[in-house]
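**Q** Residue numbers (my numbering): 1 to 403.
Keep in mind that a hint or two might mislead.
Said to hold, decoys possible - Derived pair list, reagent style DSSO-like, types lysine-lysine, alpha-carbon separation capped at 27 Å: (1) Lys255 to Lys342; (2) Lys295 to Lys374; (3) Lys210 to Lys342; (4) Lys374 to Lys396; (5) Lys325 to Lys255; (6) Lys374 to Lys342; (7) Lys325 to Lys374; (8) Lys295 to Lys325; (9) Lys210 to Lys374.
To be verified - So the derived label-pair ranges between C-beta atoms look like this: (10) Pro223 to Glu136: 40 to 46 Å; (11) Pro324 to Glu224: 40 to 46 Å; (12) His336 to Thr256: 30 to 36 Å; (13) Pro207 to Gln265: 20 to 26 Å; (14) Lys396 to Pro223: 46 to 52 Å; (15) Asp329 to Gly268: 46 to 52 Å.
Honestly, the hints are just simulated from the structure, not real lab data.
Even glycine gets a Cβ: it sits at the ideal position worked out from N, Cα and C.
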Amino acid sequence: MLPRFLASVRSRRRWALLLVVGVAAALAGRFFWAEFQLRAARRALERRAYPEAQAHLQRYLQVWPRSATAHLLGARCSRGAGNFDEAFSLLSDCRQLHADREALILEEYLLDAQRGTLGPVEEEALRHRLERGGPETPDILEAMALGCLYTNRLGEAMACVERWLAYAPGDSQALYLRGLAREGMGAVHEAGEDYRQAVRRDPEHVPARKRRAEYLIYTGAYPEAAALFQQLLEREPQDVNLVLGLARCRRAQGKTAEAERLLDQLLGHGSAPAAVLVERSCLARETGDFGAAEKWYRQALAQDPSDYDACYGLGQCLRALGRPKEAQDFEAQAAHIDRDLKRLRQLHEQMARNPDNVELPYEAGMICLRNGQKNEARRWFRNVLQGNPYHEGARKGLEQSVQ
Numbered sequence: 001m002l003p004r005f006l007a008s009v010r011s012r013r014r015w016a017l018l019l020v021v022g023v024a025a026a027l028a029g030r031f032f033w034a035e036f037q038l039r040a041a042r043r044a045l046e047r048r049a050y051p052e053a054q055a056h057l058q059r060y061l062q063v064w065p066r067s068a069t070a071h072l073l074g075a076r077c078s079r080g081a082g083n084f085d086e087a088f089s090l091l092s093d094c095r096q097l098h099a100d101r102e103a104l105i106l107e108e109y110l111l112d113a114q115r116g117t118l119g120p121v122e123e124e125a126l127r128h129r130l131e132r133g134g135p136e137t138p139d140i141l142e143a144m145a146l147g148c149l150y151t152n153r154l155g156e157a158m159a160c161v162e163r164w165l166a167y168a169p170g171d172s173q174a175l176y177l178r179g180l181a182r183e184g185m186g187a188v189h190e191a192g193e194d195y196r197q198a199v200r201r202d203p204e205h206v207p208a209r210k211r212r213a214e215y216l217i218y219t220g221a222y223p224e225a226a227a228l229f230q231q232l233l234e235r236e237p238q239d240v241n242l243v244l245g246l247a248r249c250r251r252a253q254g255k256t257a258e259a260e261r262l263l264d265q266l267l268g269h270g271s272a273p274a275a276v277l278v279e280r281s282c283l284a285r286e287t288g289d290f291g292a293a294e295k296w297y298r299q300a301l302a303q304d305p306s307d308y309d310a311c312y313g314l315g316q317c318l319r320a321l322g323r324p325k326e327a328q329d330f331e332a333q334a335a336h337i338d339r340d341l342k343r344l345r346q347l348h349e350q351m352a353r354n355p356d357n358v359e360l361p362y363e364a365g366m367i368c369l370r371n372g373q374k375n376e377a378r379r380w381f382r383n384v385l386q387g388n389p390y391h392e393g394a395r396k397g398l399e400q401s402v403q
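Full structure from sequences and hints, please.
**A** As structure tokens, this is what we get:
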């Protein structure tokens with residue numbers, strides 16, 4: 001009896017030990033899995049692969065839901081993706097979770113810099129950090145450059161990226177942002193070269209590849225542009241702008257049937273953007289279907305009354321349909337829009353020479369406001385208020401643009 005009893009006790013102890021070891025192994029495996037997710041999120045964040053980084057962080061938070069580090073990284077992801085409200089909310093969580101104070105303050109400053117709401121005290125603090133030349137230098141210059149681009153302070157954006165390129169020569173993101181600034185200033189070919197260099201440095205830089213494809217359309221290199229759009233569509237088959245870009249290439253190449261198929265595919269999804277409707281109208285005009293072209297032009301203008309191509313194209317359609325009086329109204333509207341566009345280009349050139357003259361961005365804001373481009377108008381008025389917080393006209397314009 002006794003030997004059997006002792007054997008039973010030893011067996012139960014063995015099973016208990018195995019159970020403890022199994023539970024410990026499961027917990028350790030889960031913790032190692034979580035740490036793998038955090039490291040993967042950091043790597044994705046370095047590549048600016050924000051959706052991928054967010055996915056890894058969500059998995060990490062399943063194990064450590066109150067991790068201040070993960071919430072802070074999440075705020076960086078949201079800021080990088082342009083989701084400013086989400087970033088602000090995550091930073092509020094970081095404060096409650098007692099995140100590292102210095103890292104939290106820096107991220108708050110970067111958020112304000114990127115959305116163009118950086119105050120003079122915070123800007124001075126960031127510039128002081130830049131003078132120290134620490135590892136956060138690229139992050140600061142990127143956020144400041146993006147904020148300047150967002151508020152149309154193109155000269156300041158150029159200064160930021162040139163300083164960034166001096167610190168990190170050949171950085172693909174800096175080249176890409178310089179391209180955006182140059183494009184905004186009208187230096188289209190210089191911008192195209194920046195996009196080319198950015199893609200050469202980092203073939204996985206998707207935004208630079210997209211802008212490069214658009215530049216190739218601008219220069220008439222349709223076969224090369226089409227090939228690039230097709231490559232991009234393999235990754236993002238639902239991207240409307242990529243499908244539209246490929247359709248433009250096919251129309252320019254005379255491949256009408258394919259262009260029509262691509263555009264009708266977009267129209268079939270409902271609520272197509274004005275640019276898609278205008279492109280479909282152009283294709284209909286070229287094939288002599290003026291009635292269909294008129295329909296799509298009118299739909300485009302219902303979305304964006306300031307679209308020059310839609311106004312001018314509709315006027316041409318109405319003339320072809322034998323309705324010259326109606327055509328005159330849209331031709332006059334197109335001429336008015338054309339004057340405004342030319343004046344905006346002049347203002348861009350003048351702002352490059354006189355970046356401190358707040359009346360120039362104010363005039364640009366008023367042009368956009370009267371053409372119904374409220375988002376663009378807000379950016380111009382915020383530009384003015386960055387230089388002069390007491391500019392009454394910009395304050396009123398900003399109020400009108402949010403109504």
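**Q** Each hint should be assessed against the structure and marked as holding or not.
**A** A quick look at each hint next to the structure:
Distance restraint check for Lys255 and Lys342: the Cα-Cα separation of roughly 33 Å exceeds the 27 Å cut-off, and the hinted pair is therefore not satisfied. Between Lys295 and Lys374 the CA atoms are separated by roughly 25 Å; this keeps the pair inside 27 Å, and the hint holds. Annotation: proposed proximity of Lys210 to Lys342 holds, straight-line Cα distance about 26 Å (limit 27 Å). At most 27 Å may separate the alpha-carbon atoms for a hinted pair to count; Lys374 and Lys396 meet this at roughly 13 Å.
Taking the CA atoms of Lys325 and Lys255, the gap is about 34 Å. The hint is violated against a cut of 27 Å. Between Lys374 and Lys342 the alpha-carbon distance is near 19 Å, which keeps this suggested pair within the 27 Å criterion. Of the supplied pair hints, the one linking Lys325 and Lys374 is violated, its CA atoms being roughly 30 Å apart against a limit of 27 Å. Straight-line distance between C-alpha atoms of Lys295 and Lys325 comes to about 18 Å, which keeps the hinted pair within the 27 Å bound.
Straight-line distance between C-alpha atoms of Lys210 and Lys374 comes to about 25 Å, which keeps the hinted pair within the 27 Å bound. Our hint of 40 to 46 Å for Pro223 and Glu136 holds, since their Cβ atoms are close to 43 Å apart. Range check, Pro324 to Glu224: about 41 Å between beta-carbon atoms, so the 40 to 46 Å window is met. Restraint check, His336 to Thr256: a C-beta distance of roughly 32 Å satisfies the suggested window 30 to 36 Å.
Pro207 and Gln265 have their C-beta atoms about 24 Å apart, which keeps the hinted 20 to 26 Å range intact. The supplied range of 46 to 52 Å is met by Lys396 and Pro223, whose beta-carbon atoms lie about 50 Å from each other. With their beta carbons about 31 Å apart, Asp329 and Gly268 fall outside the hinted range of 46 to 52 Å.
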